[in-house]
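Student: With the sequences and hints as input, model every part of the structure.
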Amino acid sequence: MSVKLANYSNNSVWTLCLMVLLLCLPLLSQGSTNRAAVKQITGVVTSAEDGLPMIGVTIRVKGTSSGTITDTEGRFSLDVDEGTILVLSYTGFREQEFLVGASTTINIVMEPNVATLDEAVVIGYGTSKKSHLTGAISKVTNKDLDQIPIARVDDALVGRVSGVNIAATEGEAGSAPTIRIRGTGSMVASSSPLIVVDGLVVDNDFLGSLDMNEIESFEVLKDAASSAIYGSRGGNGVILITTKDGKEGKTKFTLNSYYGVKTARTSDAYYFSVAETAAAEMAANGELSDRTRYKQLIGVDRDWQDEIFDGGSITSHSLSARGGNKKTNFSVTMSYLHDEGVLLTDDFKKYSLRLKVNTKLSDRISFGASIAPSYTDRRRFDGSTHDILRQTPWLPVYHDENTIQFVDRNVYPDVQVGDYALQRHFDNYDLYGDGSALVDISNTSNTNPAAKVLERNRNDYKFKLFGSTYAQYKIMDGLNFRTVLSGDFQNTEQDRWQGLLAHRNGAANIQLDLTTLTNIHLVSENYFTYKKEIGKHEINAVLGIAAETFDFKANSVTGTGYDSDLLQTITAATTISGASSIEYENRFFSFFGRVNYVFDYKYLASLSLRRDGSSIFGPDNKYGNFPAVSVGWIISEEDFLKENDIFNYLKLRISYGLTGNNRLDTGDDLIDSYPYLALLNSTTAVVDGNVSAAFNAINIANPQLKWERSIEINPGLDFEFLGGFIGGSVEYYQRASDQLLLYNPISSTTGFTEALVNLGKVENRGFELEIRTNNVRNRNIVWTTSFIASRNENELIDFADSDGQIQNVDSKRAAEWINLEGNPISSYYGWVVDRDIPLEFLKDAYHPVGGEAQDVYVKDLNGDGVIDDDDKTILGSPYPEFIWSITNTFSYRGFDLSFMFQGSHGAEIRNMGDQYLFNHFNSSQDFDPATTPDQEFIKQKIFTNDIIQDASYVALRNVALGYNFSPELLTRIGFGRARVYLAGQNLLYLTADNYTGFNPESINSTSPTTWGYQRAGSPIQKTVSFGVNLEF
Amino acid sequence: MVRASFKWLLHLIGFAVEYINNKTMKYSIFIISLFLAGLTFTSCEKDFLSPDPTSAVSASNFFTTEKQLEAGVVNMYDGIQGVNILADTDVNNNHSIQFEFYLTEMRSDNTRTKSSEGEAAQFENYSIEATNGIVTDYYRSFYNIIYRANVVLENLGVAASKDAERFEGEAKFVRAYAYFNLVRLFGDVPLVDRVIAPLETSVQFTRVNTAQIYELIVSDLRSAADLLDDTYKTRASKSGAQALLAKVQLTLGNYSEARTLCESVMNAGFSLEPEFKDVFYSEGNSEVIFAIGYISDDSKDSQNFSAEWLNAVGRTAGVNYVTDEAKAILDEKGGNRTAFSYRQDALQPQQNQVVKYLPNGDTDLGIGSVSSDPTLAGNDWIVLRYADVLLMHVEAIMNEGNGVSTTDPAALASFQAVRDRAGLMDAVSSVTKEDLLDERRVELAFENHRFFDLLRFGVASDVLSEFASDNGYSFSGTDLLLPIPQREIGLSNGLLSQNPGY
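Residue numbers (this note's numbering), protein chains in the order written: chain R, 1 to 1032; chain U, 1033 to 1534.
Zero decoy hints are in this set.
Below, simulated EDC-like cross-link-like pairs (lysine to aspartate or glutamate); rule was C-alpha separation at most 16 Å, straight line:
1) R:Lys812 with U:Glu1149
2) R:Lys602 with R:Asp639
3) R:Lys843 with U:Glu1149
4) R:Lys812 with U:Asp1122
Coverage of chain U stretches by chain R, computed from C-beta distances (three or more under 8 Å per stretch; other residues unrestricted):
5) 1083-1092
6) 1119-1126
7) 1167-1180
8) 1235-1243
9) 1335-1348
10) 1518-1529
Hints were generated in silico from the structure; no laboratory data involved.
Predicted, not measured: the structure shown is a model, and the values here were computed from it.
Cβ atoms here follow ideal geometry from the backbone N, Cα and C, with glycine treated the same way.
Tutor: Below, the structure is given as structure tokens:
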């Protein structure tokens, strides 16, 4: 969206600009003070950043609407009086005033907008000057984000905004990260922020189909006062994404391409070699068991991480054309991205196109349209890492001439060289050749772990279409009416083939699943905007209504009864063993209004209200009101600071707002859509040999269910010191969320296990700090640093009758979480490790892997001589307390270098992977009940803090080194800009000493009440890439 | 909504055209009126914000006809059938009787896991934890069945009297069946005899003593026996209710009533299948009194236990494998039943598998394949069969007498009938308690009777202690009751007490 050139007379900003100019641009040519009559002046506008001519810079005679823009070589000419003041403006650069003197030729250098105070910030249904904000809004402009070699735009935001935590919870190519703005405030309801693309609320999945090259900026609305304009859906913050518009001027073509190579970060602890086990056993026992000898004989000693983390590459090409004239501008971007992930079989391809056109029909009427189809094709890693990595190191993937000789021919007469090797193949081996010892070393009947992944083929194909049209009518100066009709359509096709060799049962387990998901979302918004400066009063207001519908459909069918992999169609199935379809809808109806008021350029106030109606709630609770108020005071505008040299800008602000949340995530779409109704779904049962229809209740209705609400108070301070040398902000926030939408566990004696309720209160509070410094800035060298830090504390304040409730994720391996008031929403719960069980008491300490017991002695905390529930305690918290990043950028002549370190501290993880990998839940690694002392003090490790590990990390997230070819050279060959660069991602990734896995961010998706469960997970990806940016 | 939006757009386009033609019109007024029109659009917003669900039925519109009530009745059997975990891998589904063998047969001396792995092994070696997921699953499943039955009982009003009686009988049978299993496995349990709300925590977490639970069971089964006939084998029937009540009365020590009930069933037209194999591979045969139906190759209505009992065909490496003790007694006393009770595992010849309920047949034994995909097995699960009733008849008569042995001709006849079918034709002149227990063990092996038989015969502690010490397990008397699931204890805020020993 373009910004009106108003507010320019804001003195503080002007002073600031001038100071920066004086500091940084001593070479700026000065006009003479002699006055003359009308004359023609000509000149060239160049950029201070790269010295290149700037195209399309608006030059306006101050106080009038007359002016011009620079041409393709940055030139302009204008007839003006001497003594006139020219105003130059260009997005991303500081607005400049220039006094016309005697000279008829003036060359002006535009300064990039370092302090960003004049920057227009998108605030939802409008824009505001950054200096006039009264809430906590962070803006990230896509300056070089499109050069980070990652497939998803949300991953690029890691470390860019304080208070925003983005964790790579899944590591597959194309998989979504978990995003939390200022902590987790909801329980069952989604705690993900709301995503808005060019004004349209989209589901979070859209982040997977956007292309970074299309994006102009991200605005993150963090406090409730800012996000309250999105009312019910703003409770967990809002990420506004603005795509690029065309600009007036000659059409510019941009080509951005990169190619990168990816590898996985592996874990040394997760490689158990036969050799290590043998050495440990030899050291302990002085001899090797038959099993160990046999394992050595097979001659394979594999790290399964090497097998399933096969490395990958990433390729991205994007071509765009942008341009326009006075009336019309357009932007087209075509992109292709291919991420061949680091896991076996994972692969993600994305094709996207975005077309935007804006035009003015007349002075009063303008309209525009944009359309953006995208298609993604994702092959999944159809397995789970813990399941594969727990395989023994001696197992080959395929039989070769050597391994085939160990096969138990009585049971497996047909196994050949080249077939997948199964552990059972190696059973009953006559180790001494005399029948004296038939050795079994198998630990599972499963098929080869590589086969499980390679012989399955699971794909998601998503087609998404985003479209939007608007028309705007200028009713009078400052007052506009805008109507927007927008929508998105998503079609997802999923197929999953489980092949002949994917399962130990062979053909009996071949299965094809086909699923189609369709989602149509339409929005109609109609609103007035009013923007006016009257004397010292400045008003920016909006008032409107919006209606929204979401329609979802899903169909799926499962075929079985195949005898080979030849025909992978439903037609070829001999049995349709399952089929289903489902439809549901959500609707919204809203009223919204906001007034931003500025008095005398120093006193700011904003008042907003949204009234949202949602189909999710029952008749009595459909509507929620979400008001917000915020005020600000630009202290640096006061006389006592105005002449001051240290503070260029100082603003104190405080905001208060109420937002909501209605996004349920119970795992059942029908319950999520109609929770106020008691729903029955069809089921079947076999009676009298026939399948008969039945109806079963799927939920406990809650007609009183209502909006979850969050009340947030956020004082903040924005500052800029020393002529722009240091700028930044400090925030404190306290967000109390109550009436939480909770899918609360209830006694199964009710016939159900969960019921939706509004219950409890959670508070997130913390500090945020953003500091940006311009360490060096001259013609040759620019060095900037930005430091971002946030601290969040999460506390369960009130949980009514559920206070102290204990839950598990996997009833089979039921490690516990407690939801206890005074602590974070969820805490790990269990017994405290006292000491290890000496290996001599294990039945077999060196099989299947070496030297690990699955049990441990625990502490009798209350000293009553028995280990029971009363000895359990809180073992840790899954939520990070402190996250930070520090980014440095340097440029020297044509070279530029930037790097970002980013870290997270204070969270713990329940690393279930350890238990799977270290002892396989195998009974040979149980203690021997006949010999082990103090057995009543022994518990399985999964119920203790043995597997609670520090999830802190420090990563070198991004590093990029680029070179810009000299403009002289480029102009000769017709290029505007050419840059090549080398970039790296996660080249350094440090974790805590006691963390054994390969990705402390990887967390199985569960409810916030049982957060932090890792079952090996997927690895951190390291990428090294090479790219080019061309403009012509 | 969409239509309204388009209308607005059309207005807007019309307005734009007009504007170009006539710049003097007062458009601002027009737009403001348009906006106000938009506000009046909210007049239909009530419907707009209350779309009816199309893929589910709102309960307030349901249970208004007899047919709908019958859908609720069928739903009870769906609850007992449980979800096939191999078709839908969500562990939080109710697996109901598909998991029952873990809690019963594998806690007896009949079966064990093949490779003593994971939480399944806790059953055979008597180290069950309160967090055991299978125990949690069973408790949850059976209270869910009770809930489904209570829903039927609370909506009987919509059916005409004759059908209402039938449905009432079925619901009461199902409820009693569920409670009978719960009370034997867990001891005192919460008594839920109506649909309860989430906030009624005192009902949910108050353990009611077994005597009171049995009162409900007996009264439900008496009503069921009165209200039902013998139309169905996979739905509740009169004989089913009587046979189940007979077992309840044997458990409670009311032997003469048990005897009367058995004799009533014996006069209802059931008979022993001539071939033992056909009991399990000819569904709906004349011996079956009550069975749980399944159908092959259907993800929603098949079962997984048949696959789990094989070597690594199901989710596990193999469970419910035959113990050496069970093999020995089958070899000794099984007659022609032995071959159709267990077999050697072809893949691991030192191990033995159950032959009853094979999903994929056994050509050597002349058993055909039931399902093309063994993990989607269609073998029905037999809850009550005639041989069980005949042996209960013997038990009732013996206990009417000295409780140690019997020579009562009626008892001998029932006992002989079972042995004759097994090819053990030698005439029996006296049956001791031990004979009867062994006969029940070999006749009903792997049908989830053994553990309850040991309890009812009062020998569970002795037999299982010996079995445990022979196998290096550690058994104590408190292992006869399962733990109340830790999940429930955790949710109860201290209201719910745990069984001793956990």
